[in-house]
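Enquirer: Build the full structure now, drawing on both the sequences and the hints.
Protein chains in written order, with this note's numbering: chain A, 46 to 176; chain B, 31 to 119; chain C, 7 to 167.
Hints were generated in silico from the structure; no laboratory data involved.
Quantities reported herein were computed from a predicted structural model and do not represent experimental measurements.
Take these hints with a grain of salt, some might be off.
Below, computed lysine-lysine pairings styled on BS3-like, alpha-carbon distance capped at 30 Å [as the list claims (entries may be wrong)]:
no. : chain 1 : residue 1 : chain 2 : residue 2
1   : B       : K111      : C       : K130
2   : C       : K148      : C       : K130
3   : C       : K131      : C       : K148
4   : B       : K111      : C       : K148
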Amino acid sequence: MAQDLSAWLIFFGALFMFIAALGVARMPDLFTRMHSSTKSATLGVGLIMLGAAFHFGEIGMTMRVIAIIVFVFLTAPVAAHMLGRAAYFAGVPLWEGTLSDALRGHYDRRTHRLISDEKVEENFPEGDIAV
Amino acid sequence: MILWLTIGLLVAAVLLCLYRVARGPSLPDRVVGLDLLASVTVGLIAVYAVLSGEIIYIDVATVLALIAFLGTVAFAYFIEKGGMPWRKT
Amino acid sequence: MSLFLTNILLALLWVSLSGNFSPANLLFGYLIGYLALFLSRRAFAPSNYFGVVERLVRFVFFFVWELILANLRVAYEVLTPRHNMHPRVIALPLQARTDFEISALAILISLTPGTLSLDVSADKKVLYIHAMFAEDEEAVRKDIQNNLEARLLAIWRQPPS
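Expert: Written as structure tokens, this is what we have:
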């Protein structure tokens, strides 16, 4: 029973990871790729680790697994935030299907401050593709 | 049996990540690929630990999960602080 | 806070008395301790501990449900050959004030598939998010403000009962 449960947890975790990887390979721009990689990957790691915990069924193991899951759930959004912000500064283009961009013009390019109420004069150049 | 299918799925995920790392087109795209690659590797090690019955491999997965985050953050910091010197600003 | 420590102590007592130190038994001990404290709540000074725990548990269930639904939606988007999404970068005015509230909200937004928090403005009033399914920008904003943010803030902002 516990073995079956652990096998299915691991299988669904792997399935989510596969979908995440497929999304990273298929999505049209960086931000949609990050959507796919942060969430499905966190869920995938969480499920696989839970499955492993059920498989071994030891107290030390369970504690380690809980620690990993909490750590991954806390750090993945932070990594996504830092990378997304850095990519925006580097001028990575958004997908052409993107309807609107509320961030455009709100970053001060020199000080890297984000000002919410007024637009900063210095704008990002359109279609600035980073290599 | 189902665990071998799982390994197959994860290896396919590794290949898709490698495709994104090779293809780019920008440095942050490659970093996203590498980040996901690390997560998939954590999953692979955990599945291998279950398959082989060796509990010690889970520690390896733990360490990798901790290190991978630092790598991504370091890359992001590098990109933000003018890390693309070959680009005209 | 002291009620929480008492509850933990009761859980540890239960574990040591029943002689089975497994996570499930620890959780069971915590539940029994919580029930005992809840039944004798009039013996203590008014505390928001019970309300916080109840709302926290409700929020966790709500969030897991949202997580599953949204994950399926993104999986569908990834697996179907054509792109049906309408991504936008949206400015979201914040109700959350303290650093802890803002970072908790940002992490939860990032974990919900379909939305990704990008940055907080320097004056901590606006959170910029990237949403994948945002044909109607106002609907996404309302959804996050009324569901996720309101429920999250209500956990510890309600007065003690």
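Enquirer: For the pair we were handed, K111 (chain B) and K130 (chain C), check the Cα-Cα distance against 30 Å.
Expert: Roughly 22 Å between the alpha carbons, so the hint for K111 (chain B) and K130 (chain C) holds.
Enquirer: Regarding the pair K111 (chain B) and K148 (chain C), is the alpha-carbon distance no greater than 30 Å?
Expert: Not satisfied, since the Cα-Cα distance of roughly 35 Å exceeds 30 Å.
Enquirer: Given the hint that K148 (chain C) pairs with K130 (chain C), test it: the Cα-Cα distance must not exceed 30 Å.
Expert: With a Cα-Cα distance of about 19 Å, the restraint between K148 (chain C) and K130 (chain C) holds, given a limit of 30 Å.
Enquirer: Do the alpha carbons of K131 (chain C) and K148 (chain C) lie within 30 Å of each other, as the hint requires?
Expert: This hinted pair holds, its Cα atoms lying about 16 Å apart.
In this structure, only the earlier hint numbered 4 is contradicted, and the remaining ones agree with it.
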